[in-house]
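Residue numbers (our numbering), protein chains in the order written: chain A, 1 to 296; chain B, 1 to 296; chain C, 1 to 296; chain D, 1 to 296.
Don't read these hints as lab results, they were simulated from the structure. Please read these numbers as outputs of a predicted model, since none were measured by experiment. Warning: the hint list may mix true and false statements.
To be verified - Each computed BS3-like pair below joins lysine-lysine, with the alpha-carbon atoms no more than 30 Å apart:
{"no.": "1", "chain 1": "B", "residue 1": "LYS78", "chain 2": "A", "residue 2": "LYS200"}
{"no.": "2", "chain 1": "B", "residue 1": "LYS107", "chain 2": "B", "residue 2": "LYS200"}
{"no.": "3", "chain 1": "D", "residue 1": "LYS200", "chain 2": "C", "residue 2": "LYS156"}
{"no.": "4", "chain 1": "D", "residue 1": "LYS156", "chain 2": "D", "residue 2": "LYS21"}
{"no.": "5", "chain 1": "D", "residue 1": "LYS72", "chain 2": "B", "residue 2": "LYS246"}
{"no.": "6", "chain 1": "B", "residue 1": "LYS156", "chain 2": "A", "residue 2": "LYS200"}
{"no.": "7", "chain 1": "C", "residue 1": "LYS156", "chain 2": "A", "residue 2": "LYS72"}
{"no.": "8", "chain 1": "B", "residue 1": "LYS78", "chain 2": "D", "residue 2": "LYS200"}
{"no.": "9", "chain 1": "A", "residue 1": "LYS21", "chain 2": "A", "residue 2": "LYS200"}
{"no.": "10", "chain 1": "B", "residue 1": "LYS78", "chain 2": "D", "residue 2": "LYS78"}
{"no.": "11", "chain 1": "A", "residue 1": "LYS78", "chain 2": "C", "residue 2": "LYS72"}
There are 4 protein chains.
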Amino acid sequence: MHIGFLGLGNMGGPMARNLLKAGHSLTVFDPFPQAVAALVEAGASAADSPAAVAKARVEVIITMLPTAEHVKQVYRGKDGLLANIGPGVLLIDSSTIDPLSTREVAKYALAQGNPMLDAPVSGGTGGAAAGTLTFMVGGPDSVFDQALPILSAMGKNIVHCGAAGNGQVAKIANNMLLGISMVGVAEAMALGVALGMEAKVLAGIINTSSGRCWSSEVNNPFPGVLENAPASRGYSGGFGSDLMLKDLGLATEAARHARQPVALGAVAQQLYQTFSLQGNGGLDFSAIIQLFRGEA
Amino acid sequence: MHIGFLGLGNMGGPMARNLLKAGHSLTVFDPFPQAVAALVEAGASAADSPAAVAKARVEVIITMLPTAEHVKQVYRGKDGLLANIGPGVLLIDSSTIDPLSTREVAKYALAQGNPMLDAPVSGGTGGAAAGTLTFMVGGPDSVFDQALPILSAMGKNIVHCGAAGNGQVAKIANNMLLGISMVGVAEAMALGVALGMEAKVLAGIINTSSGRCWSSEVNNPFPGVLENAPASRGYSGGFGSDLMLKDLGLATEAARHARQPVALGAVAQQLYQTFSLQGNGGLDFSAIIQLFRGEA
Amino acid sequence: MHIGFLGLGNMGGPMARNLLKAGHSLTVFDPFPQAVAALVEAGASAADSPAAVAKARVEVIITMLPTAEHVKQVYRGKDGLLANIGPGVLLIDSSTIDPLSTREVAKYALAQGNPMLDAPVSGGTGGAAAGTLTFMVGGPDSVFDQALPILSAMGKNIVHCGAAGNGQVAKIANNMLLGISMVGVAEAMALGVALGMEAKVLAGIINTSSGRCWSSEVNNPFPGVLENAPASRGYSGGFGSDLMLKDLGLATEAARHARQPVALGAVAQQLYQTFSLQGNGGLDFSAIIQLFRGEA
Amino acid sequence: MHIGFLGLGNMGGPMARNLLKAGHSLTVFDPFPQAVAALVEAGASAADSPAAVAKARVEVIITMLPTAEHVKQVYRGKDGLLANIGPGVLLIDSSTIDPLSTREVAKYALAQGNPMLDAPVSGGTGGAAAGTLTFMVGGPDSVFDQALPILSAMGKNIVHCGAAGNGQVAKIANNMLLGISMVGVAEAMALGVALGMEAKVLAGIINTSSGRCWSSEVNNPFPGVLENAPASRGYSGGFGSDLMLKDLGLATEAARHARQPVALGAVAQQLYQTFSLQGNGGLDFSAIIQLFRGEA
């Protein structure tokens, strides 16, 4: 198929490459010429604006953008996608943004004859490169079915979450819980060690008890507990604290609009904001344990 | 062996029965005569005070008491255990109390020649009856080895957590994390549903993603997600909210003495305290989701 | 002067009346015909759209609207104010909205030759009727001077807070602190009474000590402490809990964009959200004490 | 009168001096010989143990000790006060400790014929030296009347708070609110400045609005707002962050025993614990603003 792809950053770049590998032809856009050049070298055609992508007679357009503002501008701006595509072109937005903005854009797209899916991902840059991302997808059944083969070229776990916006809802609900769990594990490990336990012994007990969770088993924040976790390599790599902060912000802001209390989510957000203000936003989000050990 | 057992409540009663079943002879004490009578009927001998148990030439004494105050009084009171046993009697306290009190009592016991273990349990009344409890044990290696066959008559997972007090440390660190996780799952589920997702779909996504944890997989707080969880039977049975509140209190209080911050642990404690004040302390601790759904 | 006034609700209505009393001529708009009719009866002219107000050759336009969305639409919509006024018309927005939106609208207004002030108020419906509001004003010195006589007809304390948007900043910073203080007083009073003190005695001590604040001295949340406070009349009247919730939401959202932690502000927001979800949003914001006394 | 005084630290030392100045004769004890020597030089007699003070035929004994453990040991230990005084000796404990411990000790004292008051103070080392402390006093009316002239030699504001323990209740309720207010002011000032306001202008608005409180008016945490506040001299002097942390710990612990939620109190405690862990416990408690400005 002929696919348009906008947003060729750390995530979008490798995702686009996997589409090329799967035999699709791509027309790509990114404000950074180097990002475009790298994809062109890999076989894609370059476009110099969102409008140019839209006019390139693509059948599908995929976007991977940093914020809701970018999404709104790229889709609904004067030189944006919606003003320049014909009806029937399938739109897939893989950006992580708030569900309200997603639903607003999808409504406009649908009104002019373009089915749209929100399909945020998890799995990080590693998953993007390996084509093993999880896609959380919101939109009608038939549109989901249409998109499935394309998404399968970039990920291995494609989950239909319900109507438009529900991909975003699933993503921010899961990631809010992830942020809370990580802080919880950080507090439990720091407390246990402060009271005299060995970190590995405590982690072993937690991982076979009711406290077990992904954050304790797979990304334990205490250095030395897991050899391959970011905690054992200075918190480099992994999912950055500032990205967790962004997702917690999306969750609490969506909760505000839904008039839904999220007490621990809000406190976790404040803790990550404090940690970021101290200059640690680039560290893996498990580094939040430093705030509880006097190291931040 | 001849074993003394003090504290024959919902947990202690069935634990003592399992010791009888394993062929041990028991001398038991409890301030409630009915509790004593039930054990006597099952084959135990009755004693009318802690001192009387101590003087009954038991080789091992096990205690299962509600608070640190009870433990201090039973062990160190005038008519208590320590003043009335000979050297060499092995002491095992299975109460869940703060590690500082545990260590203080163990120090006194050891000073007069009585090795002591702290061995709090998890697994609830079901595990106590079935003999499948987990024991988290603090104390010297040799004493742990000595106690292992006895504990194995009451539980199936006997974990050595390190020196005296570490059984309590492991218990409260794990349960603090459990409380935080449960509130986190409650917030994430309530948020997702408020934003338009189906509860089962959301739970399915969380359970295969980075938000997965015991509280979402085994005891999901949203009614209808898990057929056999307390949430699907009006939050009856399970681990009561007031018990979770007690453990969160032990954790934050131990953290205070260790000068260790536990931000989410403290907020979770306040949420359970608020929930309890509204008259819900008897519901399973997953019922905290009602606070986030306007039902509490 | 000839003044346009948009938004004739509980606050805007009495404010507009005070302008009439001061001798100004008014052209007014509100989507509710009854609100318009009442002002017309008092001497104002009616307009049937924002554009109609703009075209009525007014020298000044004042807006008092519920949300940033309303402000953006009224000022920047197709049939809005900016598209229909001539240069030089002075714009004053007394809505309480986020500073970012305020600054964005003011920038557009200025670019087309219309000086604009943000001038949110405090003092409630009582102050609006009596003409004793406090105005917190953001914008250039010369524009502030120009607006001063007009604002003085509606309030008695007109404070210049600095450049555009700073009126909103002052309002949300003050009100976030107010919300935190109120919850703090509620917790301190509830704790003292739970521990055996008489509420009036405790309030007296706080009010002559370092805990003293507006919330303890003027609007003490404990029933019976202050005869004329909302707490002594079932929490009716006063500043509604849902209005406090709105302001706490504006504060935390502005903090998020500024990457500024506000830990207690965020928790206070969650407490008011929980209280609102329980159906108490219409009570005076001092009623939050019910959440701490098992009455909510 | 002949008065015994135990605990001659930063607070107790100057308080004892003021009693000497008022013409009382003193027998004093402190574990630090230098502290005793200084008072002997000023005219007091030295005792080498609490028991020795008790046996010195004093009519009144005043204690000023750091923790509840110290109070319990000094009063109820084998060589303590209660075991060695005759009936009728008036006991006044000015330590800041939890109300439960206070009430327990007072009950024992009364049972053996010694009336006892809890009389914690506020006003800091400056107030102790100047004799201008505030005393918050718990105990029976007649005993309060008896103590009044003695307390008046050390303070100028002597408040009767009700029955035994209520002095402590008033102190911790007020100081919990003080800690919450200070963090609230810190957040509001940091937020306002981050959003573009001048600190002095914002403080001025808050101090004439509903956000006003002791922490904003008298001890504003933003450097430069108040010339004579600790914030304008590197946060030296004043009331140390670790002392605030201690009082917040007493408040939340008393709340736990009373089953009383104190959400913001608990979060404020965690913030001060985090700040202390970063090595800032010696700074005035207004320095907590550094945690919100990326300076801690």
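Problem - Proposed proximity, A:LYS200 with A:LYS21 (alpha carbon, max 30 Å) - result: violated, 42 Å
Practice task
Would you mind confirming whether the straight-line C-alpha gap from D:LYS200 to C:LYS156 stays at or under 30 Å?
Solution key: holds, 21 Å
Practice task
Please work out if A:LYS78 and C:LYS72 have their alpha carbons no farther apart than 30 Å.
Solution key: holds, 19 Å
Practice task
Decide if the proposed pair is consistent with the structure: B:LYS78 and A:LYS200, CA atoms, cutoff 30 Å inclusive.
Solution key: It is violated: about 41 Å lies between the C-alpha atoms, which goes past 30 Å.
Exercise for the section: Take a quick look at whether B:LYS78 and D:LYS78 sit within 30 Å of each other, Cα to Cα. Expected result: OK: B:LYS78 and D:LYS78 at ~16 Å, within 30 Å.
Exercise for the section: Given the hint that D:LYS72 pairs with B:LYS246, test it: the Cα-Cα distance must not exceed 30 Å. Expected result: Answer holds: D:LYS72 to B:LYS246 is near 25 Å, not above 30 Å.
Exercise for the section: Take the C-alpha atoms of D:LYS156 and D:LYS21, compute the straight-line distance between them, and say whether it is at most 30 Å. Expected result: holds, 15 Å
Practice task
Compare the distance between the alpha carbons of B:LYS107 and B:LYS200 with 30 Å, and conclude whether the hinted pair is satisfied.
Solution key: Violated, at about 51 Å.
Exercise for the section: Decide if the proposed pair is consistent with the structure: B:LYS156 and A:LYS200, CA atoms, cutoff 30 Å inclusive. Expected result: Cα-Cα ~21 Å, so holds.
Practice task
Given the hint that C:LYS156 pairs with A:LYS72, test it: the Cα-Cα distance must not exceed 30 Å.
Solution key: Roughly 43 Å separates the two Cα atoms, so the pair is violated.
Exercise for the section: Mind checking the alpha carbons of B:LYS78 and D:LYS200 for me, to see if they're no more than 30 Å apart? Expected result: violated, 64 Å
In this structure, the earlier hints numbered 1, 2, 7, 8, 9 are contradicted, and the remaining ones agree with it.
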